[in-house]
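**Q** Here the structure of chain A is known, so what remains is to put chain B in place on it, guided by the hints.
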Amino acid sequence: NAGVTQTPKFQVLKTGQSMTLQCAQDMNHEYMSWYRQDPGMGLRLIHYSVGAGITDQGEVPNGYNVSRSTTEDFPLRLLSAAPSQTSVYFCASSYRESPLHFGNGTRLTVT
Amino acid sequence: DQQVKQNSPSLSVQEGRISILNCDYTNSMFDYFLWYKKYPAEGPTFLISISSIKDKNEDGRFTVFLNKSAKHLSLHIVPSQPGDSAVYFCAASGNRDDKIIFGKGTRLHILP
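Protein chains in written order, with our numbering: chain A, 1 to 111; chain B, 1001 to 1112.
Since the hints were made in silico from the structure, they are not lab data. The beta-carbon is built from N, C-alpha and C at its ideal position, and this holds for glycine as well. Accuracy of the hints is not assured; some may be wrong.
[Stated by the list, open to error] Partial list, derived from the structure: chain A residues whose beta carbon lies under 10 angstroms from chain B:
{"hint": "1", "residue": "58"}
{"hint": "2", "residue": "63"}
{"hint": "3", "residue": "64"}
{"hint": "4", "residue": "90"}
{"hint": "5", "residue": "91"}
{"hint": "6", "residue": "103"}
[Stated by the list, open to error] Looking from chain A toward chain B, a few residues come up when the C-beta cut is under 10 angstroms (computed):
{"hint": "7", "residue": "43"}
{"hint": "8", "residue": "50"}
{"hint": "9", "residue": "69"}
{"hint": "10", "residue": "77"}
{"hint": "11", "residue": "80"}
{"hint": "12", "residue": "96"}
{"hint": "13", "residue": "102"}
Just chain A, same shape as in the assembly:
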């Protein structure tokens, strides 16, 4: 029972570099989403997807791209990292109208 798997666990980037945060779930959930957690800001929704081929913006989408080519995977891309993107990133999935299952997070530092 892997659940929601996020890789890597930790990452350090220099400003301007690009990278992809991976997220995979093995529960056949239609719904997947990405959140970032910052001190004093709680969990803020970046992007979400209600199924393969469908994505939409959340509260803080700028600087991030997503795609959903399969039900299982929902990668989050940073095209040009900025220090403001230093955060802990959580991927989550669920059946529609059911509680989210979260991964254990990716801690990203941008210097």
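**A** Just chain B now, with coordinates in the frame of chain A:
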């Protein structure tokens, strides 16, 4: 504009007593509310939920109360235990919107 507000960043409660965590929301289209618990270095885990057709939902030591007219919900933990020390997030969604919006969280400390 914050749609889900948890105005208490932290709360300390004696072990065995009741912990009450509060949450307010502004979007009247929200009709499903959830509480999540988060330990350090882990992802949030689902605790309990309530839909707008109810005003109370209970699961063991955890009870969530919803006051729709006041746009307010609360989580009661009775009795509080040391393992309850964590950050608690309130979240909400609407039936015509797939976004699930979280509050800033409340850090609960259970004192021995």
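**Q** None of the hints should be skipped; say for each whether it holds.
**A** Checked hints:
1. 58: 6 angstroms, holds
2. 63: 19 angstroms, violated
3. 64: 15 angstroms, violated
4. 90: 6 angstroms, holds
5. 91: 8 angstroms, holds
6. 103: 5 angstroms, holds
7. 43: 4 angstroms, holds
8. 50: Holds - the Cβ of residue 50 of chain A comes within 10 angstroms of chain B, reaching about 5 angstroms at its closest.
9. 69: 19 angstroms, violated
10. 77: 20 angstroms, violated
11. 80: Result: violated, 26 angstroms to nearest chain B Cβ.
12. 96: 8 angstroms, holds
13. 102: 3 angstroms, holds
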